[in-house]
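Work out the full structure: start from the sequences and follow the hints.
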Amino acid sequence: MPIAYEYRLRIPSETDNLELIREFVTKVASKVGFNSDDIGKIELACDEACTNVIKHAYAMKTNNDKKNLDISIKTDAEKFTLVVTDHGKGFDPDSIKMPNMREYLAQLKVGGLGIYLMKTLMDEVDYQMQPGVKNQVRMVKYFADKKKPHSARGKQ
Amino acid sequence: MPIAYEYRLRIPSETDNLELIREFVTKVASKVGFNSDDIGKIELACDEACTNVIKHAYAMKTNNDKKNLDISIKTDAEKFTLVVTDHGKGFDPDSIKMPNMREYLAQLKVGGLGIYLMKTLMDEVDYQMQPGVKNQVRMVKYFADKKKPHSARGKQ
Amino acid sequence: MDAFSIDRVNKNDCSILYLNGFLDAHTAPDLENELEKLIAEERFRIVVNFKNLTYISSAGLGVFMGYIETIRDHGGDIKMCSMSPKIFRVFDLLGFPTLYDIVQEEDRAIELFFKPEQK
Amino acid sequence: MDAFSIDRVNKNDCSILYLNGFLDAHTAPDLENELEKLIAEERFRIVVNFKNLTYISSAGLGVFMGYIETIRDHGGDIKMCSMSPKIFRVFDLLGFPTLYDIVQEEDRAIELFFKPEQK
Ligand SMILES: Nc1ncnc2c1ncn2[C@@H]1O[C@H](COP(=O)(O)OP(=O)(O)O)[C@@H](O)[C@H]1O
Ligand SMILES: Nc1ncnc2c1ncn2[C@@H]1O[C@H](COP(=O)(O)OP(=O)(O)O)[C@@H](O)[C@H]1O
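Protein chains in written order, with this note's numbering: chain A, 134 to 289; chain B, 134 to 289; chain C, 109 to 227; chain D, 109 to 227.
FYI, nobody ran anything at the bench for these hints, they're computed from the structure.
Keep in mind that the hints are not guaranteed to be accurate.
As the list claims (entries may be wrong) - Taking lysine-lysine and the DSBU-like style, the derived pairs with C-alpha atoms no more than 35 Å apart in a straight line are:
#1 C:K194 x A:K200
#2 B:K160 x C:K145
#3 A:K200 x B:K267
#4 B:K200 x A:K212
#5 A:K267 x A:K222
#6 A:K199 x A:K188
#7 A:K164 x A:K207
#8 B:K160 x C:K194
#9 B:K199 x A:K212
#10 C:K159 x C:K145
#11 A:K207 x C:K194
#12 A:K207 x B:K267
To be verified - Distance ranges between label pairs, derived from CB positions:
#13 C:N118 x A:E156: 45 to 55 Å
#14 D:I147 x C:D138: 50 to 60 Å
#15 A:Q261 x C:D121: 46 to 56 Å
To be verified - Just so you have them, the derived chain A footprint on chain B, three or more residues with Cβ under 8 Å:
#16 138-149
#17 269-276
Cβ atoms here follow ideal geometry from the backbone N, Cα and C, with glycine treated the same way.
Dropping the structure here:
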């Protein structure tokens, strides 16, 4: 098989499309050889990123604007790169504090777990913002045997 | 729900992606309200168009070229429009003779049923060719209650 | 579409919710409604059976966090049982087992309301 | 992945192929291989049971067209049975029932090899 693959999905930004998005991403992840454990992690990370777009990105837009969500997957010999793009209002990712889970649970908080989950589930997560133009979150998962020492985060 | 929807899928041009393509298109068709009969027709027409891309469009390309297949679906109040795009060699659709099925079966022919099926299953089918740039087949299915008299073809 | 559904069975003063399908941002409101109904009926002893749940995202987890305080304030609790490894992993990843009793057998989850000391 | 598989059962000099999954341009070569094996073994009386086939495209139909002549030349045939309405509709749309015997019951399909006059 050729070494590099590209997949893209564009879909209306609505919660009832999350199922289709998960099916798409799990199919591709399984095609490129991840085990069911990693497929589950990629599925959840992708759902969280897309749920954020649906809940937050287009909050200000009127009903007539096109509210789309783009997912792109690129794979090469060493990694699986998932990019979720919206064209909404954007936000400052540095301003989002990651939860301390002990406090979180002790105080019975609600919400605010999406980005934390994405970072826990994937090897790399970074945001690029151009509010109103395009806002992207890029998430990388390395193939088990190709994980570079400097990107390993001692998880699992 | 807003009146106009858009979905897109880009995927490597390989037969083992046909299953994912069919799942994508049947999900969308079912979301917009087609019955299972029409969903089956759209599924098969889309598969035939994509199979043609995979079998014919990139025959000359070397292994290093990107061989992608794009599917776009747009829906409005009256119709479902499916466009399959390739960036391969193209062909002259007018040169393709539709089979006479009685002769076809009597002579035990093989192949050559794809475009015929697409035309039988969908309300409108037309090709736009720009060889090497983009070649598109556009297929339309009207919602049962919105079928315009002039596009009805007396099928079913 | 059977994306998500809930079956409820009342056993004495305990209510068991069977979740079917997937629990994400699209289906989480259905579970919220069901928990609100239970609270309105003052049924605070709740067992959630995850046997037929195929997927959960943080939107689903958030539903439990959103009602647990009210339910405990009324002397009740949400006990959880029969999670597949896939579902349990999500709860575990976030440390939820420190906050909720999660057991394998439904009977055991019910028992926890009556013999908590054996926990 | 169980995209497509074939189970073969030999009953006397009749071979029954059970198709499972979907038959498209990706899986059609598997059916070609199976028919080629049957031909190599000189088993020309073939019943194809479609009960567990969920989908067929023209690539799948083409497989039958590609071997029927050889098989009939050797005094055999391909009889078809147990198609779901979805699968039958595709065969029917193209007029295949004029070329192939398509019946509901597998037993009936086998019988056709022995009592063709009752057709
Ligand atoms: N695509 C996005 N567009 C706009 N804001 C976003 C986006 N993704 C995340 N955010 C912001 O980041 C915050 C934290 O997100 P997250 O950790 O997923 O928790 P939650 O969505 O439950 O608030 C959100 O509340 C929102 O303000
Ligand atoms: N996307 C495409 N790119 C190039 N050629 C095509 C494409 N689609 C169809 N064709 C041409 O049209 C012909 C007829 O297609 P079809 O009716 O599907 O039958 P078959 O694929 O079995 O030949 C093909 O043999 C091929 O030459």
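**Enumerated hints in conflict with the structure, sorted upward** = Violated hints: 13 and 17; rest satisfied.
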